[in-house]
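S.K.: Construct the complete structure from the given sequences, taking the supplied hints into account.
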Amino acid sequence: MSSVLDKLWSQQFREAATSVHTIIAATVVVGYLIFRRMRFNQDTYDEQDYCDAGHTLLIEPLRNLMLTKKLLAEFNCNNKDGRYLVALRNVVYDVSHGSEYFGPTGRFARWSGHELTEIISAEARRENKNVTKSLQEWNARLDDCFGVAGELIETDEQAAGDALLDVPEEDVAADVAENVAEDAEDDLQACGDGIRWDDNEKTIIPNP
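Each number in the working numbering comes from the position in the sequence shown (counting from 1) with 12 added on.
Simulated from the structure, these hints should not be mistaken for laboratory data.
Please note that the accuracy of each hint is not assured.
What the hints assert, rightly or not - With a Cα cut of at most 20 Å, we get these calculated SDA-like pairs of lysine to any residue:
no., residue 1, residue 2
1, 82, 167
2, 81, 132
3, 82, 95
4, 81, 134
5, 81, 126
6, 82, 157
7, 141, 128
8, 145, 157
9, 145, 101
10, 92, 120
11, 81, 145
12, 82, 126
13, 82, 121
14, 81, 95
15, 81, 102
16, 82, 141
17, 82, 115
18, 82, 165
19, 81, 103
20, 92, 126
21, 145, 134
22, 92, 113
23, 81, 93
24, 82, 129
25, 81, 94
26, 141, 153
27, 81, 101
28, 81, 91
29, 141, 152
30, 82, 71
31, 92, 71
32, 81, 121
33, 81, 163
34, 145, 128
35, 92, 77
What the hints assert, rightly or not - So the derived label-pair ranges between C-beta atoms look like this:
no., residue 1, residue 2, range
36, 40, 78, 48 to 58 Å
37, 155, 78, 16 to 26 Å
38, 131, 163, 13 to 23 Å
39, 116, 44, 44 to 54 Å
40, 103, 167, 12 to 22 Å
For each residue, glycine too, the CB sits at the ideal point set by N, CA and C.
M.R.: Given below as structure tokens:
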């Protein structure tokens, strides 16, 4: 009786051991154990190793800044922390990870720390390029390659000064015309006794 049971158990074990599901499960378990062993035996790769390999660590981009032009100028190509910022149309961009362009020896080193609208416009005019198109192209480059760090703002004193300068051309022309008229009237009064009108009040005749 016991021999019959032993044969039965042996047969069931052979069937279980050679079944597809059992083979797959065993393969997964063995593969996982091998993976874990190899993983923990590998050397770690920390920041120092990264630098030793000649790579440059990217610093975390700045966010939510509100800078005046004076503060923006502190993030020029000579910034001791390697933080380089530029602004275009009053949007501030962190270009720090483009140090090969905006760093001390970069092609655009002089641009760092500045609002670029007038700089790009002047360069486009000098090269006989379309100013609007040049500004749009640089806008796209900065948006695609660098992160927006904030916005460029004005101080209260700057805003007040700009408000005095920001007068419509029509108002300026009107003021000039009014001043000219007042000056002419003053000159006429100053002549006073030196002129007189004829009987038809059409011609000014100097007194002899």
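S.K.: Return the numbers of the hints above that this structure violates; sort them in rising order.
M.R.: 6, 11, 16 and 30
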